[in-house]
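Residue numbers (my numbering), protein chains in the order written: chain R, 1 to 400; chain W, 1001 to 1400; chain S, 2001 to 2480; chain G, 3001 to 3480.
Note that these hints are calculated values from the structure, not bench results. Misleading hints may appear alongside valid ones.
[Stated by the list, open to error] Some residues of chain S that are not near chain W, with every Cβ distance over 12 Å (derived):
#1 I2045
#2 L2086
#3 S2117
[Claimed, not checked] BS3-like mimics (lysine-lysine), calculated; alpha carbons at most 30 Å apart, straight line:
#4 W/K1049 x S/K2039
#5 S/K2309 x G/K3221
#6 G/K3008 x G/K3122
#7 R/K87 x G/K3008
#8 R/K87 x G/K3309
#9 W/K1087 x S/K2094
#10 G/K3309 x G/K3380
#11 R/K49 x G/K3373
#12 R/K348 x G/K3122
#13 W/K1323 x W/K1348
#14 W/K1137 x W/K1374
#15 R/K87 x G/K3094
#16 G/K3008 x R/K348
#17 S/K2309 x S/K2373
[As the list claims (entries may be wrong)] Taking beta-carbon pairs under 8 Å as the criterion, some of the chain R residues facing chain G (in silico):
#18 R60
#19 I88
#20 N190
Computed from a prediction, not measured in an experiment: that's the story for all the values here. Even glycine gets a Cβ: it sits at the ideal position worked out from N, Cα and C.
Take a look at the letters that make up each chain.
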Amino acid sequence: MMDLSQAKLEDFRERLNLCLNCAACFYRGPIVPHNWRELPPPEWQAPSKKCPSFEYYRFRSHTALGRLTLAALVWRKDFPISDDLIKILYTCAGCNMCNEICQTFLPLHSILALREEVVERGIALPEPLPEMNAGIKEFHNIFGRKAKAKTPEKLPAEGEDMYFAGCYANYRLPKTATATIRVLKAAGINIASLGENERCCGFLARWSGNRAQAEKSARYNVEAMKKAGAKRVILSCAHGYHMWKNDYPRYVGQLPFEVIHVTELLAKLLEEGKIAFRHEINGKITYHDPCFLGRHGKVYEQPRKVLKSIPGLELVEMERCGKWSYCCGAGAKVILNCYPDFARAVAKERLREAQQAADTLVTACPVCFEHLKKTADQEAIRLKVRDLPTLAAEAMGIEW
Amino acid sequence: MMDLSQAKLEDFRERLNLCLNCAACFYRGPIVPHNWRELPPPEWQAPSKKCPSFEYYRFRSHTALGRLTLAALVWRKDFPISDDLIKILYTCAGCNMCNEICQTFLPLHSILALREEVVERGIALPEPLPEMNAGIKEFHNIFGRKAKAKTPEKLPAEGEDMYFAGCYANYRLPKTATATIRVLKAAGINIASLGENERCCGFLARWSGNRAQAEKSARYNVEAMKKAGAKRVILSCAHGYHMWKNDYPRYVGQLPFEVIHVTELLAKLLEEGKIAFRHEINGKITYHDPCFLGRHGKVYEQPRKVLKSIPGLELVEMERCGKWSYCCGAGAKVILNCYPDFARAVAKERLREAQQAADTLVTACPVCFEHLKKTADQEAIRLKVRDLPTLAAEAMGIEW
Amino acid sequence: MDLMTELKEIIGTERVSDSAAICQAYSYSCFLGMNWVRKPDVVVIAETPEQVSRILRLANHHKVPVTPRGAAGQGGHGGPLQGGILLDLTPMEKIILIDTENMKAVAEAGCSFFKLSQELFKHGLMLPTAEYGPGPNVAASAITPVNAFGKTRYGRNIDLVEGFEAVLPDGEIITVGSMAYADKDFGPFYRYITGPDLVGLFTQSNGAFGIVTKVAYRCLKRSPHWAFHSYYWPLSRIEEVKQTLLEGTALEMFDVHVNDKYKYAGLEYIKLLPPLPEDCHFIVYFTVNAETGEELSIKEKAVHDLAQKYGGKLLPGLAESFFAIWPTFFCPVSNPIASAISRVVLDVVKGNYMYIYDSLTYPTSWFPRVYQKLMEVGKKYDIWESPRFAVFDGFAMKSQVMCSQTWAFVDYNDEYWVGQIQKCRDEFREWFGERGGVFQSMLPPLTPDYTWTNQPGAHQLLRIIKRALDPNNILSPGSF
Amino acid sequence: MDLMTELKEIIGTERVSDSAAICQAYSYSCFLGMNWVRKPDVVVIAETPEQVSRILRLANHHKVPVTPRGAAGQGGHGGPLQGGILLDLTPMEKIILIDTENMKAVAEAGCSFFKLSQELFKHGLMLPTAEYGPGPNVAASAITPVNAFGKTRYGRNIDLVEGFEAVLPDGEIITVGSMAYADKDFGPFYRYITGPDLVGLFTQSNGAFGIVTKVAYRCLKRSPHWAFHSYYWPLSRIEEVKQTLLEGTALEMFDVHVNDKYKYAGLEYIKLLPPLPEDCHFIVYFTVNAETGEELSIKEKAVHDLAQKYGGKLLPGLAESFFAIWPTFFCPVSNPIASAISRVVLDVVKGNYMYIYDSLTYPTSWFPRVYQKLMEVGKKYDIWESPRFAVFDGFAMKSQVMCSQTWAFVDYNDEYWVGQIQKCRDEFREWFGERGGVFQSMLPPLTPDYTWTNQPGAHQLLRIIKRALDPNNILSPGSF
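If we strip away everything but chain R, and leave its shape as in the complex, we get (with noise of 0.2 Å):
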């Protein structure tokens, strides 16, 4: 069987345009079993609203239903990349959840193979994506910066476990890395890191389409944590730990080196004895599911884990968790730049739901982080909103 997660526009010639319009990936579902012994397994539940573009502009072509009938029609020639389609590809928020529903079609995949065919045909984005992807390819990050990364900390250059802070934790939440980097060493971990070498990993400029760029970017990262001798790559960010895991080996063939996300880490340290949360922090707290973690690479359990460790905390769950979670609004950056009030707008919706669980929301994404943050403070949304390496900090009695 085909991989589809590496397929182009053309390897979906034979698909595209099978869907059956079945509406699983945005209606109200999907599914209950046929036999009404019981209520859907948790697993079959999804949540009522799932597809943050359809709940935001409602219409049919702004789901993946609506985006696979399009690309079936480019492909087959049938209609244009006009101004009216590249929004419609573009407000995707690539949570993952109509892949997580339609294992058959993933139509998610032909989203994006769609957005390279665009990116190959040489017409124009969203903006600001052309801007931002030429601040990857000159500055190495997506904020355009000609300052180059700086770890708040100063770390060995080469080391067998490379901390790999991103963009955000580079440039915009030094705490996040702060917090992560003195709470791995208090585990006694040798960390390292590329320092000013580290580049953007590419992830915006996969999700622009633009394809080349990131396979650049992959090649640049991988040669260099090669070269500083990584036997583990650790990673803050949620996109960053997505395109390293399961976009760079695509790109660069199999890594050399083990790829983790730094929850999966603190769940391990915890499961060694490595560490251990000795400070209590109290309150109902509820732990937002990144979608490039969750949905996009299956870590769900491990974060849950470090946060039920920590004494006085109780862990509680929002209607929409797991595997059923829902969009922080960022939607693969790509929202948040392009489409800001519906970013926003979604933002508020999580937001919300979160308050009628808890009354703080813990996430392990600096992108979610600072986005639904930054939405409470403008919303005035009585939340607070914490990310994960922090929160283990304070546990641990370590200042950052």
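Since chain R is already given, all that's left is putting chains W, S and G on it; use the hints.
Okay, now just chains W, S and G, sitting in the frame of chain R:
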């Protein structure tokens, strides 16, 4: 509880407009048990077609229900006794089926009461009823014959067992009388008769609505029988039997003698071993219950007992039999005389029904017998029609 | 040519009459004691759809109303609301088809349920109707908005109707629902043919959209095993009675029926029944059926458990013995006991029963409130207890709907009591209609305004369709 | 003002679009492989009946067609047959009422069965539908003439519909059936309010008479006990299969389903199922439910006895294991096994399934003759067996009606095989239609003439009503 059979029109005041329009008196039914457990018991299982005037005229007016409605209106003075109404009123065959079904309202009694109202008001009756009533009054027979009644065999004028032949046997069917007399003599009964002094029983007067004449007839005949020393009055005619048995007591009080139909007597003689049938009569024979012997007189079993005792004879039933038997068309002699087409149509239907079951039809009333036989001949229906007394005589080897 | 001549040309002289006496017999049922009398100008006895068609064309030409009528008053047509032509369909009573395998029956409009059912029984089939009387006929029970009760699990008779042949006001003979395919190899096999359902347009229509000439029913298998059980409750336990009705219906029992003790007034009076227990006010009957004795036992247990759960006490034998005579109780056929009872009732009340409400339809959950209101107004107008006995008779139907009748015993000629009943009815109707209650009556002018004010949209739609189909308003004028 | 400006005034700028790409996503489903594409000129997302009403008034003014659409293709609206306005009703998905006591549910038109059912389950209720997918919504399943399968004992979804709120072509918002009383104390309690039934006019109408905005359903109690059993027969025993279906339906089993072995082609291929027995061709599934374990056992025994009587052999576990994955088999939700199967099927046939007949409706007694004809034409056009497998999937419904689908696996882009299927379909249709078979399809132009030639009277009546209600022919033009 009041005996409605003695009632006059005004006695129905409180009931006339209470008919529920259930249609059981003429339509398909009556009704089945609520429980679906089984088909209706035979005593509930009325035939589909049961009201001759409804089946012939098809108007709702020509049913017990319709006539009851009209009677109510006449009583309320909301409707005149018009020619229309007269025709509706006198096309009732008097077969008693509606009373059998609707024992609450006994609609036939309302109809008869309304006929009396017609006569009381001096309104003209349908032809030839006026003439026939005049004949009864003047010549004491329904045929208007000047000749006196003549019993075919010379019989004593007095005795305990008095044979009352009736107009039909006296004037038209001497063989029936002869056979009856000879059979009874063979049984050792000292049969006597009023002979020339026998007068019409008054049945037709009664069914014309001419209650005065009917009562007059009753008084004469009862007085004559008393004088003759009757302990038992034996009748050949079902109409006469009904008149003697059920109406005379209403007119003159309790009778000092028994009233018995010849079929009842034959059954009794058979049981007592006083007669026996030694001559085979082969064939499939069906018995037609005369309305006035059956439903009016409740004599169902005895004639069948007589027939079953005849060697060789296979007694079979028509679809409609016993209490659900269908009129022969003579219709209390009113139909026969006033509406011969209707009478013939009903007889044809009954004959065809008999034809389905048997090759010979036997009845026990000279009126039914003559009407059915004549119709079979006229319509060339291949069915033998017999009367029970001659059949009994044949089975006993008696000539008549 | 005049109308009579033309009619006689179509039908033959013997089956057309303008005799006053004949027409009078077709006037609107006098039974209801409503002092409502409308009689037709002509009665025509039709035997074929083609005759009906020609008559309707003629009626359109002369702009004369046409009213169809079957045999019986109850569940049959009530007679004309205006004069015109009365179309007597009783001769159209043939059974056209009994398809044992596909469990279908088709009969002409005037065929009685009795006749059809007798035939179905022979084929191992049945219709779950309470309309087994001789008169109610297959079309009338479908097109009149009254009284065509079925059985709890299956609903009313119209739930079983699958198709019609009908003659439209313009004389066109059409077939809808399963009847559209009656002349094909497959026969009349299904109500929901492609496209919207048009069967419903003719049900409860009083014939306003066309004269129904044939009806197709779906039938059921006639189960070999049956059981009947009845339980009683005091008046104070009305909420428990309600729960019993709701759950019995939810469990899809064959039939769940409820009435109050007044139904037995006559039976007690002549001591046919021992007196009901002191604390008996409501009686709920269950009918269950099954394929095997074992299955029946389980269903009987379910009935018993349900009654127990809500404190109902067994009334042994009542259901059996009552149902054995019930069908003949007020429809007095050849059953001497039943007739005797009826006559006693007549003697005692010097009258007969008269519907106060025929019929009321409301959610089963409202049974207590409706009953209490009935009691309130019944007492106010002194018709609640002996000797008038406002008898409550409720059919719990699938879909948690109660269809109930209430009647009292009065002399129709007694203006005082008839007036009391009418006042009682009016007062109740106001309360009931405001809450969304549905009135069903044979006679639209007697249906209160709530019928249409509660459903103005539907009424408007009906009138648009009526105008389109019957521009001369010849069919049941006055209905819409 | 032009149409767009006016629409935006009604709806707001964000919910109206004439973008080609957006409109394209609402074009008639490409899934059927019919090369039938019609796209709307404008898409409007309506949220309230009042908006729908204003849009219809506007459409009448401009004489522009309006087509409603829910979420899903199957059982949803198929898209416009002509351009005009596409009315997307997906935001109208509120559950308005769940009345546990009276067992009613009311939801807005776009509410999915999944959503409604999930809520009903919590109240101990259920809807006996096969439409538990995420997309099929409560209105679409009632108004499209396709696919809205229910369960044997209860019939199709439309058998459970009790009322509608609808917007007539002229913009009037009306309520029919039980919904006429939705705003009263009694609530939407009964379909058969006084007067003719108008609910049926909207069912299977493709929205031609009005845009349905709310639907009222009656619900059932969700039984605590369920059992599933399947039995098989060889091809030569088709008459016995027929008898089993007929009797299972007559016994009112909860569900009776039949298909042929080709349905398991994919499952066998990836060895998820052991190979079916050599002599297995037809498989009949029974679903029974009960209140108690004891009652369930008896019903299971009845199922077994019935299968035994006609020589069916038990296929242990098939019903359970198959039904556990079935709903996700071709509607590939989050179930890895099911998805894997679907993908294998895709890989093997380089395509997906395509309906040959969706759906056929005929008397259950005709099942053998219909199946044999399907086999004859299927073989003739070489789509009967591997790898195209003309899969037979039959829903035995109450009223002894078989609703069956047949599909084959083809690459929609392969003109040869698509052509074979079309030829096969045409040949079968002629045979089937002449016998009175009913075709159901989402798309009236694809429905053969038999649909109307078999029921000319009904068609004529529909057109009269259509002209009266929709003189500008704005709703689903082309349907009637």
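Here's how the hints hold up against the structure:
1. The Cβ of S/I2045 does not lie farther than 12 Å from every Cβ of chain W; its closest approach is about 5 Å, which violates its non-interface assignment.
2. With a closest Cβ-Cβ approach of about 9 Å to chain W, S/L2086 is found to fall inside the 12 Å limit, against its non-interface label.
3. The non-interface label for S/S2117 is inconsistent with chain W: the shortest C-beta to C-beta separation is roughly 6 Å, within 12 Å.
4. Taking the CA atoms of W/K1049 and S/K2039, the gap is about 27 Å. The hint holds against a cut of 30 Å.
5. For the suggested pair S/K2309 and G/K3221, the alpha carbons sit about 18 Å apart, so the restraint of at most 30 Å is met.
6. Distance check on the hinted pair: G/K3008 and G/K3122 sit about 39 Å apart at the alpha-carbon level, beyond 30 Å; violated.
7. The suggested pairing of R/K87 with G/K3008 holds, with an alpha-carbon distance near 20 Å, which does not exceed 30 Å.
8. Our distance criterion of 30 Å between C-alpha atoms is broken by R/K87 and G/K3309, whose separation comes to about 63 Å.
9. In summary, the hint linking W/K1087 to S/K2094 is supported, as the alpha carbons are separated by about 29 Å, within the 30 Å threshold.
10. A threshold of 30 Å between alpha carbons decides the hint, and for G/K3309 with G/K3380 the separation of about 34 Å lies outside it, so the pair is violated.
11. Taken as a hint, the R/K49 and G/K3373 pair is broken in the structure, with Cα atoms around 45 Å apart against an allowance of 30 Å.
12. Distance hint between R/K348 and G/K3122 is fulfilled; the C-alpha atoms sit about 29 Å from each other, no more than 30 Å.
13. At most 30 Å may separate the alpha-carbon atoms for a hinted pair to count; W/K1323 and W/K1348 meet this at roughly 20 Å.
14. As the CA atoms of W/K1137 and W/K1374 are separated by approximately 28 Å, the hinted pair is consistent with the 30 Å bound.
15. Distance restraint check for R/K87 and G/K3094: the Cα-Cα separation of roughly 29 Å lies within the 30 Å cut-off, and the hinted pair is therefore satisfied.
16. Restraint check for G/K3008 and R/K348: the C-alpha separation of about 26 Å stays at or below 30 Å, so the hint holds.
17. Taken as a hint, the S/K2309 and S/K2373 pair is honoured in the structure, with Cα atoms around 26 Å apart against an allowance of 30 Å.
18. Evaluation of the R/R60 hint against chain G yields a held restraint, the C-beta minimum of about 5 Å falling below 8 Å.
19. Hint status for R/I88: holds, given a least beta-carbon distance of 5 Å to chain G, under 8 Å.
20. Interface restraint check for R/N190: the shortest CB-CB distance to chain G comes to about 39 Å, outside 8 Å, so the restraint is violated.
This entry does not satisfy hints 1, 2, 3, 6, 8, 10, 11 and 20, going by the numbered hints stated previously.
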